[in-house]
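Student: Take a look at the letters that make up each chain.
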Amino acid sequence: MPRITSLQDLHKLRAELRDEIVQRYDVGTTLVVGMGTCGIAAGARETLRALSDELARCDIAAHLTIGGCIGTCDYEPLVTVHCTDAPPVMYANVTADKVPELVKKHLQQGKVIQKWVVPGS
Amino acid sequence: MITKPRATVLICSSTGCLASGSAGVYEAMSAEVQRRGLEDEIKVVIGGCRGFCAMGPVLDIYPGGIFYVRIQPADVSEIVEETLVKGRIVERLCYKDPTTQEVIPIFDKIPFYAKQERLVLRNCGRLNPNRIEEYIAFGGYEALAHALLAMTPEEIIRDIKASGLRGRGGAGFPTGRKWEATRKAEGDIKYVVVNGDEGDPGAFMDRSTMEADPHSVLEGLTIGAYAVGAHQGYIYVRDEYPLAVRNLHIAIDQAREYGLLGENILDSGFDFDVQIMRGAGAFVCGESSALMQSLEGTVGEPRPKHIHATERGLWDRPTCLNNVKSWATIPHIINNGPEWFRRMGTEGSPGTMVFSLVGKVNNTGLVEVPMGISLRDLIYDIGGGVLNGKQFKAVQTGGPSGGCLPAELLHLPVDFDRLTEAGSMMGSGGMVVMDEDTCMVDVARYFLDFLKEESCGKCVACREGIRRMLEVLTDITEGQGTMADIEQLETLAWTVQQTSLCQLGKSAPNPVLSTLRYFHDEYVAHVEEKRCPGGVCRALITYSIDPEKCPGCMLCARKCPQTAISGERKQPHVIDAELCIRCGICRDLCRFDAIVVV
Numbered sequence: 001m002p003r004i005t006s007l008q009d010l011h012k013l014r015a016e017l018r019d020e021i022v023q024r025y026d027v028g029t030t031l032v033v034g035m036g037t038c039g040i041a042a043g044a045r046e047t048l049r050a051l052s053d054e055l056a057r058c059d060i061a062a063h064l065t066i067g068g069c070i071g072t073c074d075y076e077p078l079v080t081v082h083c084t085d086a087p088p089v090m091y092a093n094v095t096a097d098k099v100p101e102l103v104k105k106h107l108q109q110g111k112v113i114q115k116w117v118v119p120g121s
Numbered sequence: 001m002i003t004k005p006r007a008t009v010l011i012c013s014s015t016g017c018l019a020s021g022s023a024g025v026y027e028a029m030s031a032e033v034q035r036r037g038l039e040d041e042i043k044v045v046i047g048g049c050r051g052f053c054a055m056g057p058v059l060d061i062y063p064g065g066i067f068y069v070r071i072q073p074a075d076v077s078e079i080v081e082e083t084l085v086k087g088r089i090v091e092r093l094c095y096k097d098p099t100t101q102e103v104i105p106i107f108d109k110i111p112f113y114a115k116q117e118r119l120v121l122r123n124c125g126r127l128n129p130n131r132i133e134e135y136i137a138f139g140g141y142e143a144l145a146h147a148l149l150a151m152t153p154e155e156i157i158r159d160i161k162a163s164g165l166r167g168r169g170g171a172g173f174p175t176g177r178k179w180e181a182t183r184k185a186e187g188d189i190k191y192v193v194v195n196g197d198e199g200d201p202g203a204f205m206d207r208s209t210m211e212a213d214p215h216s217v218l219e220g221l222t223i224g225a226y227a228v229g230a231h232q233g234y235i236y237v238r239d240e241y242p243l244a245v246r247n248l249h250i251a252i253d254q255a256r257e258y259g260l261l262g263e264n265i266l267d268s269g270f271d272f273d274v275q276i277m278r279g280a281g282a283f284v285c286g287e288s289s290a291l292m293q294s295l296e297g298t299v300g301e302p303r304p305k306h307i308h309a310t311e312r313g314l315w316d317r318p319t320c321l322n323n324v325k326s327w328a329t330i331p332h333i334i335n336n337g338p339e340w341f342r343r344m345g346t347e348g349s350p351g352t353m354v355f356s357l358v359g360k361v362n363n364t365g366l367v368e369v370p371m372g373i374s375l376r377d378l379i380y381d382i383g384g385g386v387l388n389g390k391q392f393k394a395v396q397t398g399g400p401s402g403g404c405l406p407a408e409l410l411h412l413p414v415d416f417d418r419l420t421e422a423g424s425m426m427g428s429g430g431m432v433v434m435d436e437d438t439c440m441v442d443v444a445r446y447f448l449d450f451l452k453e454e455s456c457g458k459c460v461a462c463r464e465g466i467r468r469m470l471e472v473l474t475d476i477t478e479g480q481g482t483m484a485d486i487e488q489l490e491t492l493a494w495t496v497q498q499t500s501l502c503q504l505g506k507s508a509p510n511p512v513l514s515t516l517r518y519f520h521d522e523y524v525a526h527v528e529e530k531r532c533p534g535g536v537c538r539a540l541i542t543y544s545i546d547p548e549k550c551p552g553c554m555l556c557a558r559k560c561p562q563t564a565i566s567g568e569r570k571q572p573h574v575i576d577a578e579l580c581i582r583c584g585i586c587r588d589l590c591r592f593d594a595i596v597v598v
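For the protein sequence lines, the chains are A and B, in the order given. Heads up, the first sequence is in this note's numbering, so the first residue is 1 and it goes up one at a time. Heads up, the second sequence is in this note's numbering, so the first residue is 1 and it goes up one at a time.
No lab work stands behind these hints, which were simulated from the structure alone. One should not assume that every hint holds.
[Said to hold, decoys possible] Lysine-lysine pairs mimicking DSSO-like chemistry, simulated, CA-CA at most 27 angstroms apart:
#1 A:K111 <-> B:K43
#2 B:K530 <-> B:K506
#3 B:K115 <-> B:K86
#4 A:K12 <-> B:K161
#5 B:K184 <-> A:K105
[Unchecked claim] Footprint (simulated), chain B over chain A, 3 or more residues, beta carbon under 8 angstroms:
#6 6-12
#7 15-21
#8 52-58
Glycine included, every Cβ here is placed at the ideal spot set by N, Cα and C.
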């Protein structure tokens with residue numbers, strides 16, 4: 001491994017290593033994918049994978065976790081976005097193909113995509 | 001294939017949890033994650049000590065900080081299935097509040113942790129101690145880089161002095177002044193030493209720090225070496241701490257590879273290296289001058305202190321020796337500044353202190369709190385109160401040679417000066433809670449029995465005086481004491497205190513003096529009434545059975561090793577006092593609280 005020879009080196013290394021430990025911090029944003037049997041059957045595993053890829057691609061610091069079935073199986077795959085400064089938003093039928101738009105609009109531009117929100121949630 | 005793992009499972013692999021089986025949990029977890037093909041999604045990591053060893057093995061799941069306790073390998077598949085695959089909490093594995101029975105799944109919400117202020121223990125349990133990368137990711141070595149590249153040794157010493165940091169090994173000497181004296185001492189060759197010879201029974205904060213966060217000690221030590229002008233350091237660790245030795249070795253190797261130890265550290269031109277020395281376990285070697293003798297390879301005996309170690313210490317060179325926790329505090333002061341440090345704790349004792357809270361208290365483990373917290377807050381709010389709802393009787397602070405403080409002093413703020421005023425001491429942070437079933441005379445006897453073995457024998461007063469005090473105390477606990485013995489004890493204690501060379505001898509009478517001061521009536525009860533109020537001293541107590549409470553279940557009669565208990569089924573039993581050896585087995589077994597001890 002390379003020797004660290006300056007403060008810049010150290011900071012660069014720390015930035016590279018951040019991914020290793022970022023889950024142990026509270027980063028303010030958490031996405032929960034419903035992974036009950038109904039969710040998995042509706043494609044939640046693919047959604048999870050797509051979210052993971054997209055968050056990495058866009059370099060967004062958000063935690064990705066999974067949740068159980070909440071009883072609204074029709075709306076699976078369900079993705080709930082928790083941000084510290086806003087109430088949680090629950091999106092219905094988030095199949096893998098919708099992931100880039102969700103990340104772009106909600107997480108990068110801060111806009112809630114109303115038409116996807118679970119009615120009455 | 002998933003780009004980034006979405007969850008991390010940290011399994012404590014420090015001594016406490018290893019002893020309760022965490023290695024098996026780690027293996028089972030790795031195997032289960034692999035079996036389900038989740039190894040890209042879920043990372044299984046070795047973690048350090050959370051300080052909640054009574055609950056071990058413990059594990060943390062991130063994000064979220066879900067905390068499971070007393071995990072066995074058989075629980076692993078359920079954790080993976082429920083929490084890691086379905087996102088549900090397994091309630092039966094969560095910590096339960098002993099008083100309210102409330103299930104608390106999140107680590108930070110457990111009262112034991114929520115009321116702590118973790119500085120030295122900050123990284124303990126949240127990173128893998130065997131990967132320098134995780135330490136760096138959490139901000140590690142920033143303080144070293146800043147100190148070496150942007151500060152002069154004088155500026156560092158100024159900051160440490162301004163912070164008011166006092167030696168965490170127990171003596172409480174101002175660290176900055178020690179550094180300054182070493183810096184100013186004449187000589188080209190100087191040394192820095194880590195005192196990791198933690199010898200107090202029941203104390204394990206230094207061990208946990210070295211095991212769970214070894215880089216914090218190395219970083220602080222290297223900063224200190226630069227400040228005082230040393231190029232060689234030693235870490236003196238007792239050999240009973242094999243995992244600490246191993247983790248320190250790994251940490252040193254990794255730091256060398258990154259150029260954070262060795263020649264020309266961070267290209268600053270400063271050279272420094274560290275060696276680990278393993279101590280053979282003599283209690284006296286925790287005393288700084290005895291430790292240095294032991295480091296030199298001779299018998300560990302203290303030497304007179306009129307020549308300071310900062311002028312002539314190890315191999316007669318200027319030496320700066322500090323406790324593990326003092327060194328581990330240094331990076332925080334460099335990073336955040338002395339004013340920040342002073343905001344915690346009290347005027348005379350700034351910062352935090354780590355205690356190992358043990359004995360008859362609900363939550364045992366390592367506790368880091370700001371100096372100045374009251375004993376009551378420590379024992380009741382964090383410790384969860386006395387075990388089994390019994391009455392509090394005393395708390396002993398400062399290890400075997402600390403004093404026992406009574407309930408009237410529970411309001412006492414815990415800092416170096418206040419504890420000394422009350423006849424006890426901070427010591428290295430041991431804290432033993434005692435309940436109503438404790439005999440204070442017996443406690444004093446117990447600790448002197450320990451110290452008798454550990455006196456190095458150099459000073460007559462310590463060597464012979466502790467032995468004599470122990471004899472007198474033993475007589476009292478056996479019902480053969482007189483009031484003259486109590487006076488004699490005070491004279492002996494005073495003599496040992498005044499005429500011993502090192503702190504071992506000077507503090508050895510503390511258990512005697514403090515119990516005489518606060519629990520004098522218990523001594524009198526033993527001597528004049530031949531009675532042990534705590535129901536402990538076997539020569540002074542009798543066991544009997546309360547016929548009102550005894551339903552005649554026969555359990556005690558069957559288990560009595562002396563067959564001293566007799567009685568018919570469903571009839572109250574009786575104990576034959578002649579045969580009874582007062583072992584207490586019947587009392588422990590009885591489910592009806594029918595065994596009476598007077």
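Student: Hint by hint, say whether it matches the structure.
Tutor: Evaluated hints:
no.	hint	in the structure
1	A:K111 <-> B:K43	violated (32 angstroms)
2	B:K530 <-> B:K506	violated (31 angstroms)
3	B:K115 <-> B:K86	violated (31 angstroms)
4	A:K12 <-> B:K161	violated (32 angstroms)
5	B:K184 <-> A:K105	violated (62 angstroms)
6	6-12	holds (count 3)
7	15-21	holds (count 5)
8	52-58	holds (count 5)
In summary, the numbered hints that this structure violates are 1, 2, 3, 4, 5.
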